[in-house]
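Trainee: Given next are the chains, with one letter for each unit.
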Amino acid sequence: MKIVVAVKQVAALDDDFEIRADGLDVDEDFLMYDLNEWDDYSLEEAMKIKEAAAEGAVEVIAVSVGPERVDESLRKCLAKGADRAIRVWDDAMEGLDAVTIGRILAGVVKKEAPAMVFAGVQSSDQANAATGMAIAASLDWPHAAVVAELDYQPGAATARIKRELEGGMLQAVEIDCPAVLTLQLGINKPRYASLRGIKQAAAKPIEHWSLGDLGMDATQVGATAALSRVRRMEIPVKGRAQMIEGTIAEQAAKLIEIIKEYKGEAA
Amino acid sequence: MNTILVVAEHRRGEVRPVTLELITAAQQLKTAADDRVLLAIIGQEVELLASQLQWAGVDEIIACKTNSAEFEPELAEQAVSALIVSRKPIAVLLPHSVDSLGYATAVAVKGCYGYATDVFKLAYDGGALVATRGGYNQKVNVEVDFPGHACAVMTIRGGAFKPVEAAAAPLLTVDDRSELSGRSRPLEFIEQGGGGDIDITTVEFIMSIGRGIGEEANVEDFRELADNIDATLCCSRPIADAGWLPKSRQVGQSGKVVSACKLYVAMGISGSIQHMAGMKHVSTIVAVNTDPGASIFTIAKYGIVADIFEIQDELQAQLA
Ligand SMILES: Cc1cc2nc3c(=O)[nH]c(=O)nc-3n(C[C@H](O)[C@H](O)[C@H](O)COP(=O)(O)OP(=O)(O)OC[C@H]3O[C@@H](n4cnc5c(N)ncnc54)[C@H](O)[C@@H]3O)c2cc1C
Ligand SMILES: Nc1ncnc2c1ncn2[C@@H]1O[C@H](COP(=O)(O)O)[C@@H](O)[C@H]1O
Chain U
1 MKIVVAVKQV
11 AALDDDFEIR
21 ADGLDVDEDF
31 LMYDLNEWDD
41 YSLEEAMKIK
51 EAAAEGAVEV
61 IAVSVGPERV
71 DESLRKCLAK
81 GADRAIRVWD
91 DAMEGLDAVT
101 IGRILAGVVK
111 KEAPAMVFAG
121 VQSSDQANAA
131 TGMAIAASLD
141 WPHAAVVAEL
151 DYQPGAATAR
161 IKRELEGGML
171 QAVEIDCPAV
181 LTLQLGINKP
191 RYASLRGIKQ
201 AAAKPIEHWS
211 LGDLGMDATQ
221 VGATAALSRV
231 RRMEIPVKGR
241 AQMIEGTIAE
251 QAAKLIEIIK
261 EYKGEAA
Chain G
1001 MNTILVVAEH
1011 RRGEVRPVTL
1021 ELITAAQQLK
1031 TAADDRVLLA
1041 IIGQEVELLA
1051 SQLQWAGVDE
1061 IIACKTNSAE
1071 FEPELAEQAV
1081 SALIVSRKPI
1091 AVLLPHSVDS
1101 LGYATAVAVK
1111 GCYGYATDVF
1121 KLAYDGGALV
1131 ATRGGYNQKV
1141 NVEVDFPGHA
1151 CAVMTIRGGA
1161 FKPVEAAAAP
1171 LLTVDDRSEL
1181 SGRSRPLEFI
1191 EQGGGGDIDI
1201 TTVEFIMSIG
1211 RGIGEEANVE
1221 DFRELADNID
1231 ATLCCSRPIA
1241 DAGWLPKSRQ
1251 VGQSGKVVSA
1261 CKLYVAMGIS
1271 GSIQHMAGMK
1281 HVSTIVAVNT
1291 DPGASIFTIA
1301 KYGIVADIFE
1311 IQDELQAQLA
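Line by line, the protein sequences are chains U and G.
For the record, in the first sequence the residue sitting at position 154 is 154 according to my numbering, with numbers rising by one throughout.
For the record, in the second sequence the residue sitting at position 236 is 1236 according to my numbering, with numbers rising by one throughout.
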């Protein structure tokens, strides 16, 4: 049986960044890419299931929608032990929102027919917290978001999960499988790639799929298929913090003053 | 006449306060005096729950009766989808909460409605509904619209709108949806215990460490510093997830709201929405971060752009 893990390459910004001339995004020169933090956890969860099962019984497939640079993040997933990596990209993909990406990923799920699909709760850059559930909705599969604990035997008809709610509370839920789950930070302790893993990953292929491979067409992934459109991106006016300038010694002295002032008031 | 649909959130018999913020957000979307705000509540004892929804600004409460007392994503999805079809709202407002994360997307995808999450500002521009959310880890604001969609589903960030205060007695309609079924079964709630640790919601002075701490070995220095200044040592989520401090010390949405705190010193914490949900109310926040663009500085009273280790050394030296 297969587990599909959706992984995203996220972008962090340089300290000094600029918005693109068209005002719709940040200038690409200021972006630094990495695998989304949440996806480290969902890949690890899939690896745990694989390793607990008989050798070769579970196949872990990392899938990402994105341009060529995304291969680097998929390589990282292979290095951590994913069996296969698939990158989907097509020039017809335009103005992609989380829902369109979910629709594309659902196309991959239909072809691979896994027993379980994992995505991260959210991406650290755009924080849509929507892609995983968009996969589920496109497939009409059972789904649960913000899963902090998972008890699942490969191929079982149900899984026991714990949803992480607000205020540190959990809720146990039984869910029918196959299902799409979004997994939360802290669900496990993600491994680092071993040197051996990194070496092996370099030799593994990354499968490149286009729309045709998914049996989809441009109307399903173009700008008009999206459920929202970016009109403008802007740098917000900075908040109200009063900055404490000076040398480290001066900054520390001022902080001590603030603490003393608080204690004086409290006394 | 436009209709705006708000979906109330409840858990264990209590309506969650964020619902009151959504009513205010809905008011902002009214453009004519006869625009209507509908407030739906989905659950089993819905009449009882509806009695907690007597708020001004609501024209009608719709009690959707299902066969599950607690949230189940497919029941919520089908109930809300049916309401959108029958009531034709221009906007559907849900809290950006864990429950909504489990079904809002499905409502939007299946009905092909406009969709945006974690929205903190709503406006119209020449008739077009414009929602503002954050991007790139809150470093930019992103305005989105929904061309071609007559209805937009939006999840609204907690704390972005003031809760309604005035009471009223809106009309109540019962919508029987007990025929609906879902493919998951909510079971018991589990409170994560404090394990005998201090209750951080009651302390007044907190020094909190975040991922900027780098490695576990550094925690000890900050514990000493906290002891030295009589502060309680707390943390952001990565520190608790790594097990460097107990979960009971985590501040934020899935941790604790430090309601009694008066002075909060944030060391190497970027200021994610979920962390700020636990401390943004604190009157004096001092943030130390090497990144002048860190969003924690947007809510801090004082900001120090510096390395936390240098600040920690210097504080210890000056206190000695
Ligand atoms: C449903 C949900 C619930 C969540 N609940 C919570 C919650 O309750 N609490 C919580 O905290 N998070 C929560 N999170 C996670 C949250 O989204 C962030 O991932 C987390 O808050 C980031 O923690 P951080 O600021 O410590 O780390 P980062 O975002 O990695 O920030 C580290 C900061 O340290 C600075 N830094 C690095 N080195 C130094 C140095 N030497 N000196 C000074 N500064 C330095 C960096 O510039 C950066 O700003 C939740 C997420 C989700 C999706
Ligand atoms: N381009 C993408 N390719 C593959 N998976 C993605 C992509 N974008 C988002 N995801 C998945 O959806 C999760 C949440 O992302 P988001 O909905 O953007 O907050 C990520 O952790 C990934 O699992």
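A hint or two may mislead.
Heads up, simulated EDC-like pairs for lysine to aspartate or glutamate below, C-alpha to C-alpha not over 20 Å straight-line [stated by the list, open to error]: (1) G:Lys1139 to U:Glu37; (2) G:Lys1088 to G:Asp1176; (3) G:Lys1139 to U:Glu18.
One-sided and incomplete, this derived list gives chain G residues near chain U with beta-carbon spacing under 10 Å [what the hints assert, rightly or not]: (4) Tyr1113; (5) Glu1143; (6) Ser1184; (7) Asp1197; (8) Ile1198; (9) Thr1202; (10) Ala1240; (11) Val1265; (12) Ile1273; (13) His1281.
Just so you know, the hints here were simulated from the structure itself, not pulled from any lab data.
Ideal placement from N, C-alpha and C gives every residue a C-beta, glycine not left out.
Trainee: Evaluate each hint against the coordinates.
Mentor: Now for the hints, and whether the structure bears them out:
| no. | hint | in the structure |
| --- | --- | --- |
| 1 | G:Lys1139 to U:Glu37 | holds (18 Å) |
| 2 | G:Lys1088 to G:Asp1176 | holds (18 Å) |
| 3 | G:Lys1139 to U:Glu18 | holds (11 Å) |
| 4 | Tyr1113 | holds (7 Å) |
| 5 | Glu1143 | holds (4 Å) |
| 6 | Ser1184 | holds (4 Å) |
| 7 | Asp1197 | violated (12 Å) |
| 8 | Ile1198 | violated (15 Å) |
| 9 | Thr1202 | violated (14 Å) |
| 10 | Ala1240 | holds (7 Å) |
| 11 | Val1265 | holds (7 Å) |
| 12 | Ile1273 | holds (8 Å) |
| 13 | His1281 | violated (15 Å) |
The structure fails to meet hints 7, 8, 9 and 13 from the earlier list, while all remaining hints are met.
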